[in-house]
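Working from the sequences, and respecting the hints, build out all of it.
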Amino acid sequence: MAEKQTWQHIARCTSRKINIGWWLHVLTTPLLVASLVIACTTLISRRELNTVPWLEIGAATCATLTLTGIICWFAARHHFESLQQSLVRIEAAMKLRNALTAADHGVAPWPEVPDHIHDGIRWQWRRLIPPIVGTIVIITCGITIPIHAKSDRLAPQQQPSAWNELDTQLDQLDQQEIVQEDYLDAMREKLEKLRAQSPNDWFSHSSLEATDHLKQSHQSEQENLKNNLQHAERSLDALQHKASSMNAAQKQRLLNQFDQAIQKMQQGQMKPNQELLKQLHNIDPKQLQKLTPEQLDQVRENMRQHAQRLQQNGDNPLDGEPGEDEWMDNDGLGEDGHEEDGQGGRGGIDRGPGHAPRPLGKSHDDTGAGKHEGLKSNDPRHALPGDLLETHDTQHDVDLTQRGPTAGGTTQGKGQGGERVWKNSLLPNEKKALKKFFE
Amino acid sequence: MQFATESEVAAASQHVRSLASTLNQVLFGQEELVDLVITGLLARGHILLEGLPGLGKTELVKGLSKALSLDAKRIQFTPDLLPGDITGNPVLQEKDGHREFVFQPGPLFTNILLADEINRASPKTQSAMLEAMQERCVTVIGKTHELPAPFFVLATQNPIELEGTYPLPEAQLDRFLFKLEVSRNNVATLEKIVTHRELGTEPDITPMMNASQLDETHTLVRRIYLPDVVANYIARLVDATHPGQSSASAGIQYGSSPRAALSLASAAKARALINERTHASFEDVKFCAPAVLRHRIILDYNARVEGKTTNDTILNLLDEVPFQAQETPKTMVSQ
Chain A
73 MAEKQTWQHI
83 ARCTSRKINI
93 GWWLHVLTTP
103 LLVASLVIAC
113 TTLISRRELN
123 TVPWLEIGAA
133 TCATLTLTGI
143 ICWFAARHHF
153 ESLQQSLVRI
163 EAAMKLRNAL
173 TAADHGVAPW
183 PEVPDHIHDG
193 IRWQWRRLIP
203 PIVGTIVIIT
213 CGITIPIHAK
223 SDRLAPQQQP
233 SAWNELDTQL
243 DQLDQQEIVQ
253 EDYLDAMREK
263 LEKLRAQSPN
273 DWFSHSSLEA
283 TDHLKQSHQS
293 EQENLKNNLQ
303 HAERSLDALQ
313 HKASSMNAAQ
323 KQRLLNQFDQ
333 AIQKMQQGQM
343 KPNQELLKQL
353 HNIDPKQLQK
363 LTPEQLDQVR
373 ENMRQHAQRL
383 QQNGDNPLDG
393 EPGEDEWMDN
403 DGLGEDGHEE
413 DGQGGRGGID
423 RGPGHAPRPL
433 GKSHDDTGAG
443 KHEGLKSNDP
453 RHALPGDLLE
463 THDTQHDVDL
473 TQRGPTAGGT
483 TQGKGQGGER
493 VWKNSLLPNE
503 KKALKKFFE
Chain B
411 MQFATESEVA
421 AASQHVRSLA
431 STLNQVLFGQ
441 EELVDLVITG
451 LLARGHILLE
461 GLPGLGKTEL
471 VKGLSKALSL
481 DAKRIQFTPD
491 LLPGDITGNP
501 VLQEKDGHRE
511 FVFQPGPLFT
521 NILLADEINR
531 ASPKTQSAML
541 EAMQERCVTV
551 IGKTHELPAP
561 FFVLATQNPI
571 ELEGTYPLPE
581 AQLDRFLFKL
591 EVSRNNVATL
601 EKIVTHRELG
611 TEPDITPMMN
621 ASQLDETHTL
631 VRRIYLPDVV
641 ANYIARLVDA
651 THPGQSSASA
661 GIQYGSSPRA
671 ALSLASAAKA
681 RALINERTHA
691 SFEDVKFCAP
701 AVLRHRIILD
711 YNARVEGKTT
721 NDTILNLLDE
731 VPFQAQETPK
741 TMVSQ
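Listed in order, the protein sequences are those of chains A and B.
Going by my numbering, the first residue of the first sequence is number 73, and it counts up by one from there.
Going by my numbering, the first residue of the second sequence is number 411, and it counts up by one from there.
The hints are simulated quantities; they were obtained by calculation from the structure and are not laboratory data.
It cannot be assumed that every hint is accurate.
[As the list claims (entries may be wrong)] Simulated restraints on C-beta separations:
#: 1; chain 1: B; residue 1: Q655; chain 2: A; residue 2: W197; range: 29 to 35 Å
#: 2; chain 1: A; residue 1: L108; chain 2: B; residue 2: D722; range: 46 to 52 Å
#: 3; chain 1: B; residue 1: S417; chain 2: A; residue 2: W197; range: 45 to 51 Å
#: 4; chain 1: A; residue 1: R119; chain 2: B; residue 2: H652; range: 55 to 61 Å
#: 5; chain 1: A; residue 1: A74; chain 2: B; residue 2: D649; range: 38 to 44 Å
#: 6; chain 1: A; residue 1: A74; chain 2: B; residue 2: D722; range: 27 to 33 Å
#: 7; chain 1: B; residue 1: H652; chain 2: A; residue 2: F146; range: 32 to 38 Å
#: 8; chain 1: A; residue 1: A74; chain 2: B; residue 2: R633; range: 27 to 33 Å
#: 9; chain 1: B; residue 1: Q655; chain 2: A; residue 2: A74; range: 41 to 47 Å
[What the hints assert, rightly or not] Okay, derived cross-link-like pairs now, DSS-like style, lysine-lysine, Cα gap no bigger than 30 Å in a straight line:
#: 10; chain 1: A; residue 1: K89; chain 2: B; residue 2: K696
#: 11; chain 1: A; residue 1: K89; chain 2: B; residue 2: K740
#: 12; chain 1: B; residue 1: K696; chain 2: A; residue 2: K167
[To be verified] Below, a sample of chain A positions facing chain B; criterion: calculated Cβ distance under 10 Å:
#: 13; residue: E153
#: 14; residue: E163
#: 15; residue: Q247
Think of the CB as a built atom: it goes at the ideal place given N, C-alpha and C, for glycine as much as any other residue.
Next comes the structure, spelled out in structure tokens:
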């Protein structure tokens with residue numbers, strides 16, 4: 073009985089081994105197909121979904137592979153070996169002369185179990201490994217191949233940087249409370265109108281032009297306010313400290329300047345904040361003596377600070393482009409210091425550095441058009457009248473044909489060419505023979 | 411049917427081994443031939459021996475008849491031999507005042523018939539052997555006469571001097587269980603023959619079995635267990651002999667008949683008994699296959715011109731057809 077159990081155990085192991093072999097044999101192609109499907113699904117998920125659900129993908133992968141394995145198991149079942157068939161395989165391999173089959177049938181006793189048992193088959197790794205490795209590689213490719221999610225492409229476009237710069241400047245002005253809120257609200261409203269366009273139009277020519285104009289007008293207003301504040305402050309300073317040494321005309325000129333500066337500030341779109349404006353309104357330039365020096369110093373200090381902040385805002389590195397604030401006519405100061413890079417003339421905002429050279433600025437050697445060099449065309453089809461097309465050596469066109477005298481005096485005409493030859497050069501016998509031949 | 415038991419098989423095997431030992435004393439150096447002759451005998455089959463003259467074919471038959479205590483007769487087949495010469499003829503005899511035909515049995519009426527140079531007889535006479543070999547009876551003038559049991563035909567034919575011979579038709583060849591090729595002896599065997607034999611004298615042979623023991627052994631052979639897988643192997647092997655059924659069958663014009671499969675099964679069982687086993691095996695089939703199939707396969711003209719023989723073809727078939735019908739998956743390889 074021990075032999076029977078041993079042999080049957082061996083046969084069951086062989087049967088299991090063969091059946092797994094059949095399962096793997098049937099599984100090979102579906103496994104590769106399933107892995108391709110998994111890889112494609114993973115890639116599609118990564119492309120379509122904003123956030124890749126790796127947990128779900130992993131679970132689906134496991135489920136697909138498991139399902140494929142189960143289906144293949146059922147498909148391979150008709151190849152599966154029974155215990156009896158495995159006994160036959162073992163007895164054939166071990167040359168037992170069908171002793172196991174006969175014993176299993178009860179005809180003969182079970183043979184003794186030898187020390188070394190083999191079923192005559194072994195795994196063929198060269199056929200087993202490639203599908204498994206291929207599956208792993210395909211699935212790994214599905215996970216690791218670089219691919220952008222479609223949502224990335226649909227993400228909001230980056231808006232023009234000038235808008236952000238304007239926003240930043242407006243925010244700074246708002247925080248510092250330098251200018252009135254109305255101006256800031258109006259500017260923000262214009263910016264919002266630009267943003268309300270379709271993202272596809274954000275970088276259109278008209279949008280960029282509008283942005284450029286908005287930015288320039290803002291900087292212009294800012295610069296005007298700064299200059300007016302500086303003028304008013306300087307005028308007030310002169311009136312406060314040097315009034316005694318001035319004559320009436322000079323005083324009047326300073327008073328006019330101060331008054332003009334105040335008026336410009338009031339007329340401009342960008343007005344100083346309410347507090348400063350109120351202080352300026354309360355000052356009567358003709359009665360400055362009535363104000364205490366402390367009050368005047370405070371007003372001047374306010375104006376100086378405002379002007380400095382505006383100056384700082386104007387010099388904000390966020391402006392980015394060199395020479396952006398050079399649109400202002402700085403009383404002939406020019407823009408030399410900003411155009412040393414020689415990159416001027418490339419257009420407006422976001423379309424290249426700098427701007428076109430100005431009449432008041434230094435002229436540029438480099439227009440940005442690159443180095444120009446004349447090209448010489450040798451194409452005779454495009455030659456103009458008078459162009460020299462070609463030269464070559466040649467000889468004079470001289471007619472070298474031997475000609476005899478054709479007329480004159482008593483000279484007998486001797487003809488031309490061959491006729492002359494045979495008439496003049498041949499011997500008498502030869503002439504006779506030749507003449508005879510043609511006769 | 412109850413399968414043969416180990417004790418029965420052991421006893422019968424003992425007798426058969428004694429018989430083989432005796433025949434090996436008669437025919438030196440032909441152990442495999444003797445084995446196959448005894449296998450054919452136990453399988454109740456007729457045997458065609460092919461070999462050059464003087465190799466001991468007649469001696470083997472004589473020794474076999476003596477060892478089995480059976481009656482043996484010899485017919486030298488010639489072209490002028492008539493069917494009646496072997497089957498027997500009715501002879502007019504006077505009996506009780508009346509004259510009547512009385513059947514005079516021919517040399518066919520024996521236990522072991524040595525049909526010497528059977529291919530020299532005319533087809534008419536050869537065909538007279540058909541009924542005797544298949545039905546174990548002869549019919550003369552409408553009257554059937556049973557042949558004595560057991561009845562074996564051991565025919566010989568000479569592979570040379572084929573002029574004036576009549577090759578056996580396929581139908582008659584198919585009646586032979588085995589076609590055995592008697593090969594020449596090597597030097598050691600020849601030396602042994604020269605030492606132990608005298609020209610013109612016959613060796614003394616002690617009978618090892620009698621007719622009833624042989625009959626019991628025949629019954630026991632039928633009770634040998636033929637596993638289904640072995641039967642399946644036989645079927646696949648015979649099927650593979652037909653053109654297009656296997657790559658080894660290239661060059662075969664006609665394959666083997668179902669009678670070949672039956673013969674193979676019977677021979678495998680006999681072989682199992684000789685080897686003291688209660689069941690036949692793949693190895694038994696493989697051992698008997700050349701002898702069973704070599705005269706049942708007809709090669710086509712091209713194969714014959716190319717020098718192929720049926721023996722080569724059968725060896726290729728045996729290599730190609732695996733024992734077990736179950737395929738091995740491609741993820742595994744047979745060692």
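Results for each hint:
no., hint, in the structure
1, Q655/B <-> W197/A: 29 to 35 Å, "holds (33 Å)"
2, L108/A <-> D722/B: 46 to 52 Å, "holds (49 Å)"
3, S417/B <-> W197/A: 45 to 51 Å, "holds (49 Å)"
4, R119/A <-> H652/B: 55 to 61 Å, "holds (59 Å)"
5, A74/A <-> D649/B: 38 to 44 Å, "holds (40 Å)"
6, A74/A <-> D722/B: 27 to 33 Å, "violated (46 Å)"
7, H652/B <-> F146/A: 32 to 38 Å, "holds (35 Å)"
8, A74/A <-> R633/B: 27 to 33 Å, "holds (29 Å)"
9, Q655/B <-> A74/A: 41 to 47 Å, "holds (43 Å)"
10, K89/A <-> K696/B, "holds (28 Å)"
11, K89/A <-> K740/B, "holds (13 Å)"
12, K696/B <-> K167/A, "holds (12 Å)"
13, E153, "holds (6 Å)"
14, E163, "holds (8 Å)"
15, Q247, "violated (75 Å)"
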